[in-house]
Amino acid sequence: QMNQSPSSLSASLGDTITITCHASQNINVWLSWFQQKPGNIPKLLIYKASNLHTGVPSRFSGSGSGTGFTLTISSLQPEDIATYYCQQGQSFPFTFGSGTKLDIK
Amino acid sequence: QVQLQQSGAELARPGASVKLSCKASGYTFTSYWMQWVKQRPGQGLEWIGTIYPGDGNTRYTQKFKGKATLTADKSSSTAFMQLSNLTSEDSAVYYCAREYDVAMDYWGQGTSVTVSS
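Keeping their order, the protein sequence lines are chains A and B. Be aware that the first sequence starts at 1, since it is given in our numbering, and climbs by one per residue. Be aware that the second sequence starts at 1001, since it is given in our numbering, and climbs by one per residue.
Treat the hints as calculated values from the structure; they're not laboratory data. Ideal placement from N, C-alpha and C gives every residue a C-beta, glycine not left out. Possibly wrong hints are sitting among the right ones.
Examples of chain A residues lying across from chain B (beta carbon under 8 Å, computed) [unchecked claim]:
(1) 32
(2) 53
(3) 85
(4) 94
(5) 95
(6) 98
Working from the sequences, and respecting the hints, build out all of it.
Dropping the structure here:
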């Protein structure tokens, strides 16, 4: 089970924000982060906890291992308005977190 | 380039079955797991299961055992998901996505399934 928080977040342009995901058991580094903009398909941001997927801006970063993980977005941009999900890949089923809806103040 | 092309929207009656497809191109289809995800309107992502087209090996989350059946056709590089005994709870968008390094790196555009009498 993946516990993701907060469920929603409002921040200002240029802010740095952090989303956390806590696994109920040790998942090593097998955690991904996805971004889903309204009306769009999910897109991979981070894989294996801290690896930036091809083409993803460097203001996105991931960290953590074991049971605690964070997604950080620095210098928040208007195009970052989206819902963010974590997903564990340590063992089946590959459960998702419940999502964090980010909007701009 | 990697592409996953999913079949078109489905409208089905309660109790019916539908078979969704996901045609892969731009990579070796048989070498990567293909995952399937459900998203109900306004809701989060729900992992259904995965298939390895190379040998047909499958894994499902418990909730979807008996509901979803994953198959793959190597000759056409197409993955399929059959959903059976449909109810209104099955109305959702369903995505296929390639798994690379235990991450879903490429996604299909999604197939909308509407169950209504």
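task = Mind listing which of the numbered hints don't hold for this structure, in increasing order?
result = none
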